[in-house]
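Here the protein sequences come in this chain order: A, B and C.
Residue 1 is where the first sequence starts when you use our numbering, and the numbers rise one by one after that.
Residue 1 is where the second sequence starts when you use our numbering, and the numbers rise one by one after that.
Residue 1 is where the third sequence starts when you use our numbering, and the numbers rise one by one after that.
For the record, the hints were derived by calculation from the structure and aren't laboratory data.
All C-beta atoms in this analysis are idealised placements derived from N, C-alpha and C, irrespective of residue type, glycine included.
A few of these clues could be false.
Facing chain C, according to a computed beta carbon distance under 7 Å, are these residues of chain B, among others [stated by the list, open to error]:
no.: 1; residue: V33
no.: 2; residue: A35
no.: 3; residue: R45
Here are a few chain C residues that sit away from chain B, every Cβ distance over 10 Å (derived from the structure) [to be verified]:
no.: 4; residue: A135
no.: 5; residue: T182
no.: 6; residue: R201
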Amino acid sequence: MNAAAHSKQPAATPQHGATDTAFTPGFANPVFDSQHVFRMVLDAMAHPGSVRDIATSVEAPGLLQPASAALLLALADLDTPVWIQPGAAGAEHATTTRFLGFHCNCPLTHDASAAAFALIHSPERMPPLSGFRLGEAEYPDRSTTVLMHVQSFDGGPTVQLSGPGIRDRQALSVAGLPAAFWKEWCDNGLLFPLGVDVLFISGCRIAALPRTTRVEA
Amino acid sequence: MNQTADSMQHATAATPPPDPDQREANRHEADSVRARQRWMAVLARASREELEAILGMLPPQPAWQWLRRPETGLAMLQGRAGGSGERFNLGEASITRCTLRTAAARTGVACVLGRDHRHAELAALLDALLQGGESVRLERAIEELAASQSARRELAARKTAATRVDFYTLVRGESA
Amino acid sequence: MYVAVKGGESAIVNSWSLLAETRRGDTAIPELTLAQIRAQMPLAVDRVMGEGSLYDPELAALAIKQAAGDLVEAIFLLRAYRTTLPRLAVSLPLDTARMHIRRRISSAFKDLPGGQVLGPTYDYTQRLLDFKLAAEGQRPAAVQAPEPVAARMPRVTDLLGKEGLIPFEAPPDGDPEPFDLTREPLEFPASRPARLQNLARGDEGFLLALGYSSQRGYSNTHPFAGEIRMGDVAVEVIPDELGFAIDIGDITVTECQSINQFAGSADVAPHFTRGYGLVFGGSERKAMAMALVDRSLRAKEFGEAVNAPAQDEEFVLYHTDNLEASGFVQHLKLPHYVDFQSELELVRKLRARHQAGASTEQKAAA
């Protein structure tokens, strides 16, 4: 953890025996900012497939984007293990883990099936959804919320969503999803009440897929 | 700040380097960590008033930047069954922590028991200043603080000692 | 079934102001300060911190003041306040072997390295009310010995453990992260860490009674106080940005190691077994009771028959929390009007039937 610490500092004097901790700042107003983000996610989950701009000014270090950084700042803490998709450049990965470690204090896990939150920064290489934590019969909520970085919400293939929170149909365009995603999503739906929930993220915008949302073939 | 075994945050120990220069550097690093641990313990045990007084005797400090504003929360305290066995969660304590960066690019960290934001702020600022190793006055003030904490402890220990039972007064002084 | 009743809002608001006035009492009398409660009623503060499961003497003092001295109510207040604070860290395990000793005794072993140190104990006081305390202006001065107590006093159980006289308690492989009752629901069979955490937060009265029952024969422990120590231990955490442990201050704890006899079995030779109590502050009675109950709950581990309440895991662990107990008992004050009405109707019907049956019998007998 200490080794990568000096890499991001512009011409700063090396600290005497200390890890350099000039991280990207977190929320300017932690209480109000996290309440705002929480509200946005709640609304997104309540209206699946609707795209929302969470209007955050949080910088996004390393592998994070503004919305995923804001989400983790608001939701991740000492009790929520976070899984970060492996395979990224070492320095970027280290910056990300340092940011999360400092601001969220969240345990980081290599084990996808133990994660409360999963960050997928390269959807084309994502592992199967079934590999995450799917919950238990007594506690179906003890499952992974998957944060997926997508290219955009404009111009990609459009799907029609239905289910709780959607009157009739909700169209959602997502660019940057792997071809197999929607098939996996259908399989996830079969596991109800178990399964994962997904939040698509592009810059400051989010769209939610709670496990009850169905996609039309 | 967590101790879970599968955390990726805590790097495993590096393999020991072979050359003497590197070993010297490591020893130096270990010494400076120990020195920092020592003064942080003293700052944590000081009262807010004592730290204000120390800051007051230094020249006015330029503004610093918050990396983490003082926040109060909980630390779960753990014990061990039988004092040495498996860990258990005993109960929580209130703690306050903060991290700041001085104009001289030193990072000050503080984590103290209790809910006093100003105490944490002062401890972090002094931690940053002490890392510079530039202020002899400051170092001396910390030594004095450590000495007074030690003296208070010693006084309590002497009062406690007066309640030690002497089963055999004849044996007193024989075992050194 | 609880009935949602309307009305009473102004009665409730007025009950708050009446409570505040009652709590304050005669304003000609100086108001209690938190500093006074903290300094001069430290054992009340310790109990509230221990059962409230939050080490913060000032908050505990405030809770005691607010609760007008009702410690179980104060514990409730502290527990509630706890839920508003985020968890930022988990400490390294407290090292009671490196305690700055303020009291340290053993009733099992007379001569210990460091000696028997009584400390500020009530044990040898005559339990006669001291009317001198009714006046103020007390400035008692403790006697100081020329030398301080030993800086380090090894635990008796560790010394004996090394000799093999008492089983040495070692952490399991990998020193696993313990169960956390504040995060996971309690399930049975409960692990030792789950039991110890539950007991540490448990009601002193309940544990005292259970410990007492275990000594009177409702169990089979034959305990000795191997060592009781009280003093200050350093709290250490490893901040993420530093990567090394820092000492963030001291807390006071009391630790009790009980040594108990075990009869042995066909395969296992007789040996001593242990119980452990660890509490915030100077709550020594609680620490002792905790050690007794800890040992009783280890009955199955030692192949003992489980036939006493103090050995019954579910009975003990489900009833230690005075918040839960108080809540359920006091919930009876919530409106149960409809429930009771239906009970009333039923009883009336049954009485009518009973009387009708009795008069029929009388007629038949006549």
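Here is how each hint holds up against the structure:
no., hint, in the structure
1, V33, "holds, 5 Å"
2, A35, "violated, 12 Å"
3, R45, "holds, 6 Å"
4, A135, "holds, 24 Å"
5, T182, "violated, 7 Å"
6, R201, "violated, 6 Å"
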